[in-house]
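Participant: Quick mapping for you: the protein sequence lines, in order, are chains H and Z. Just so you know, the first sequence maps onto residues 1 to 243 in the working numbering. Just so you know, the second sequence maps onto residues 1 to 347 in the working numbering.
Please keep in mind that the hints were generated in silico from the structure rather than gathered at the bench. It should be emphasised that the depicted structure is a prediction, and the values quoted were computed from it without experimental measurement. One thing to keep in mind: the hints can contain errors.
[What the hints assert, rightly or not] Here are the simulated lysine to aspartate or glutamate pairs, EDC-like style, with alpha carbons at most 16 Å apart:
(1) 91/Z / 26/H
(2) 91/Z / 164/H
(3) 68/Z / 157/H
(4) 91/Z / 83/H
(5) 73/H / 48/H
(6) 249/Z / 333/Z
(7) 4/H / 26/H
(8) 171/Z / 226/Z
[Unchecked claim] Away from chain H, derived, C-beta distances all over 10 Å, residues of chain Z:
(9) 6
(10) 19
(11) 43
(12) 69
(13) 202
(14) 260
(15) 280
(16) 281
(17) 324
A virtual CB, placed ideally from N, CA and C, is assigned to each residue, including glycine.
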Amino acid sequence: MTVKRICLASDVPTNEMREFTTDGGDKLLVANSGGEYFAVQAICPHQDVPLCDGFYDGCVLTCHQHLWQWDIKTGEPVGGIAEAPLERFAVFVEGGEVFVGTRGALNVGELFSGLSESTLSKLQGLAKAEEHPAGGALYQAGDPADDFFVLDSGRIEFQIGRDERTSPAGFMLRKGEVFGWAALLDAHPTRIASARVLEPSRVLRINGKQALAVLEADPASGYLAMRRLAGLIARFLAAPGAR
Amino acid sequence: MRIQVRARNRAYDFEAPEGEKLLFAGLREGVDLPYECATGTCGTCKARLVEGELKDLWPEAPGKKHLKAGEGEFLMCQCAAAGNVTAEVSKYVYAMDPGVCMPQAVGGKIAAVRHLPGDVAAVDVDLDSPIDFDAGQYMALETPGVAGMRGYSMVNFARGTKRLEFVIKKKPGGGFSEWLFAGERAGSALALFGPLGKATFYPNLAKNLLCIAGGSGIAGMMAIVDRACQESYFNQYKGHVFFGVRTAKDAFYLDELAGFQARFAQNLAVTIALSDEDVPASLASRYPGLRFDRGFVHEVAKKTMAGIYGNIRAYLAGPPPAVDASIRFLLLEAKLSAENIRYDKFS
Ligand SMILES: Cc1cc2nc3c(=O)[nH]c(=O)nc-3n(C[C@H](O)[C@H](O)[C@H](O)COP(=O)(O)OP(=O)(O)OC[C@H]3O[C@@H](n4cnc5c(N)ncnc54)[C@H](O)[C@@H]3O)c2cc1C
Ligand code: FES
Ligand code: FES
Numbered sequence: 001m002t003v004k005r006i007c008l009a010s011d012v013p014t015n016e017m018r019e020f021t022t023d024g025g026d027k028l029l030v031a032n033s034g035g036e037y038f039a040v041q042a043i044c045p046h047q048d049v050p051l052c053d054g055f056y057d058g059c060v061l062t063c064h065q066h067l068w069q070w071d072i073k074t075g076e077p078v079g080g081i082a083e084a085p086l087e088r089f090a091v092f093v094e095g096g097e098v099f100v101g102t103r104g105a106l107n108v109g110e111l112f113s114g115l116s117e118s119t120l121s122k123l124q125g126l127a128k129a130e131e132h133p134a135g136g137a138l139y140q141a142g143d144p145a146d147d148f149f150v151l152d153s154g155r156i157e158f159q160i161g162r163d164e165r166t167s168p169a170g171f172m173l174r175k176g177e178v179f180g181w182a183a184l185l186d187a188h189p190t191r192i193a194s195a196r197v198l199e200p201s202r203v204l205r206i207n208g209k210q211a212l213a214v215l216e217a218d219p220a221s222g223y224l225a226m227r228r229l230a231g232l233i234a235r236f237l238a239a240p241g242a243r
Numbered sequence: 001m002r003i004q005v006r007a008r009n010r011a012y013d014f015e016a017p018e019g020e021k022l023l024f025a026g027l028r029e030g031v032d033l034p035y036e037c038a039t040g041t042c043g044t045c046k047a048r049l050v051e052g053e054l055k056d057l058w059p060e061a062p063g064k065k066h067l068k069a070g071e072g073e074f075l076m077c078q079c080a081a082a083g084n085v086t087a088e089v090s091k092y093v094y095a096m097d098p099g100v101c102m103p104q105a106v107g108g109k110i111a112a113v114r115h116l117p118g119d120v121a122a123v124d125v126d127l128d129s130p131i132d133f134d135a136g137q138y139m140a141l142e143t144p145g146v147a148g149m150r151g152y153s154m155v156n157f158a159r160g161t162k163r164l165e166f167v168i169k170k171k172p173g174g175g176f177s178e179w180l181f182a183g184e185r186a187g188s189a190l191a192l193f194g195p196l197g198k199a200t201f202y203p204n205l206a207k208n209l210l211c212i213a214g215g216s217g218i219a220g221m222m223a224i225v226d227r228a229c230q231e232s233y234f235n236q237y238k239g240h241v242f243f244g245v246r247t248a249k250d251a252f253y254l255d256e257l258a259g260f261q262a263r264f265a266q267n268l269a270v271t272i273a274l275s276d277e278d279v280p281a282s283l284a285s286r287y288p289g290l291r292f293d294r295g296f297v298h299e300v301a302k303k304t305m306a307g308i309y310g311n312i313r314a315y316l317a318g319p320p321p322a323v324d325a326s327i328r329f330l331l332l333e334a335k336l337s338a339e340n341i342r343y344d345k346f347s
């Protein structure tokens, strides 16, 4: 984890937020929640709108544009509209100064953020980081579904069907998004879609069975992850009548 | 022309005839593409062109300020396909639920224009064929002589109806509203598309209603309160309606609002906020069932509602500054969650 100094603690008054640019040129938002500091991505995951222009009451951050909302402490969507969590950064306050460190894709991810530290580090141990050039395929429909993936950066697209009869089935582009989750289901030994790498991408590859064993050993974390998985699957089920 | 819209969760294929806006073509086919204003101002319908060619029907659309230059981004509500088109929307897109009122293109004509106080006109429109809509929805409409569509909220609530009622405020220098006020318009042809908008009210909501309207923003609120009254909703739930105008002379629909209020006097409160003058005693005595207060409508609402935000769904409509100010206090002070704040900004 690289740690960077961002600002003075006093730069961000209680229950307010400020945008900062790191010396690497990345923007992030530092929020003060009752004296505790949190750092999240500066730009709305919906439409490139600066979140510092939004509303913040000390707990909930709302983008002013279409009112997506998040819990500042967890980055999780609240309020029923937001479709994606916020990327969070680790925050350290020392000697009146605020430092942040970047988190791995696993911790910001929609499946595993908020799990117990020990379970997260076991999952981290299972994860193999891979870089894929544009144009390749991660898997094809019909392949055995042993591993699932967490996107770190880049862009992955999906196709369902085979040969001539394929149709696009969505895309992943946010850090922490999980795909290939059939590997986490008992009854799905094969891929239902193929995954193509559209831009140079970094992914974490994790074996599904091993991850399930880790989650089983920590039922509280396991329950949270499975609840999230259920929500994720629901998002990809198209309503009836869809063409 | 074949259109493919790739969303984050799946792709949708539909046909769009030449000249039809991609947003409308998709909505007609039951694809719930993202939009808010449907008329080129808000940027919510932004998409990225993957393949094909577009015809931009309004190159100066203010909503384009939300587009990133050089990345092929465009507004689906202002662009039509010039050939087969593949586009991408960086959002989850679902098929519309069965049972929602399906948007469609429909012709019509202005049946009557009645001038109301405060540079406002009540406009009745007869459609060529009946449509269904929900309380709180709007239509995009245009007339041959004026370029582009405008959004107007229905004042009435009815199912399978050919009669739509609108209330339209004159905007100095405005294309459509100036046209409307400039002559006798009964009989004029209109092209409409709708119903549109998600600031809808259904009686199974089971929440107290808070309506905050600036000026002609009262239009959609009339439909919501009308529907709620038709279903005796206020026997069980409270309704708080705030209607802001400049002066007593600019107020309209007071008889209608007083009528609703009298039917559910226990639970329905209607407050008229005057921003530019103190409340004349004569007004208050003419409408004993209505409340009057001085101030901007969001300020009056905030003051009146303090401490009674339990189980509330808010509907907001009117000029963007009034809507934005209301959103701000509903989030920060009333702590309503985003799903309970429904709004139409008349930008
Ligand atoms: C969801 C919604 C509901 C609304 N409901 C009501 C209502 O019930 N009552 C009411 O009085 N007002 C309502 N409005 C505002 C209304 O749509 C008009 O903006 C307003 O009447 C001013 O119109 P105008 O033609 O006089 O002004 P203009 O400034 O000429 O135009 C206003 C709007 O028309 C569109 N437009 C203008 N020129 C073009 C062009 N060349 N091509 C394409 N589009 C163009 C743009 O959207 C522009 O913002 C609503 C707006 C929205 C978004
Ligand atoms: S841009 Fe932030 S909610 Fe739409
Ligand atoms: S919906 Fe197209 S700009 Fe508002």
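Participant: If a hint holds in the structure, say so; if it doesn't, say that too.
Facilitator: Evaluation of the provided hints:
1. 91/Z / 26/H: Violated: residue 91/Z and residue 26/H sit about 24 Å apart, past 16 Å.
2. 91/Z / 164/H: violated, 26 Å
3. 68/Z / 157/H: Given pair residue 68/Z, residue 157/H is violated - Cα atoms ~22 Å apart, limit 16 Å.
4. 91/Z / 83/H: holds, 8 Å
5. 73/H / 48/H: Violated - the C-alpha atoms of residue 48/H and residue 73/H are around 22 Å apart, more than 16 Å.
6. 249/Z / 333/Z: Measuring from Cα to Cα gives roughly 32 Å; hence the hint is violated.
7. 4/H / 26/H: holds, 11 Å
8. 171/Z / 226/Z: violated, 27 Å
9. 6: violated, 5 Å
10. 19: holds, 22 Å
11. 43: Not fine: 7 Å to the nearest Cβ puts residue 43/Z too close to chain H.
12. 69: holds, 12 Å
13. 202: holds, 16 Å
14. 260: Holds, because the least Cβ-Cβ distance between residue 260/Z and chain H comes to about 29 Å, which exceeds 10 Å.
15. 280: At about 36 Å from chain H, residue 280/Z clears the 10 Å cut-off, so the statement holds.
16. 281: holds, 39 Å
17. 324: Contrary to the label, residue 324/Z does not stay out of reach of chain H, its closest Cβ about 8 Å off (not over 10 Å).
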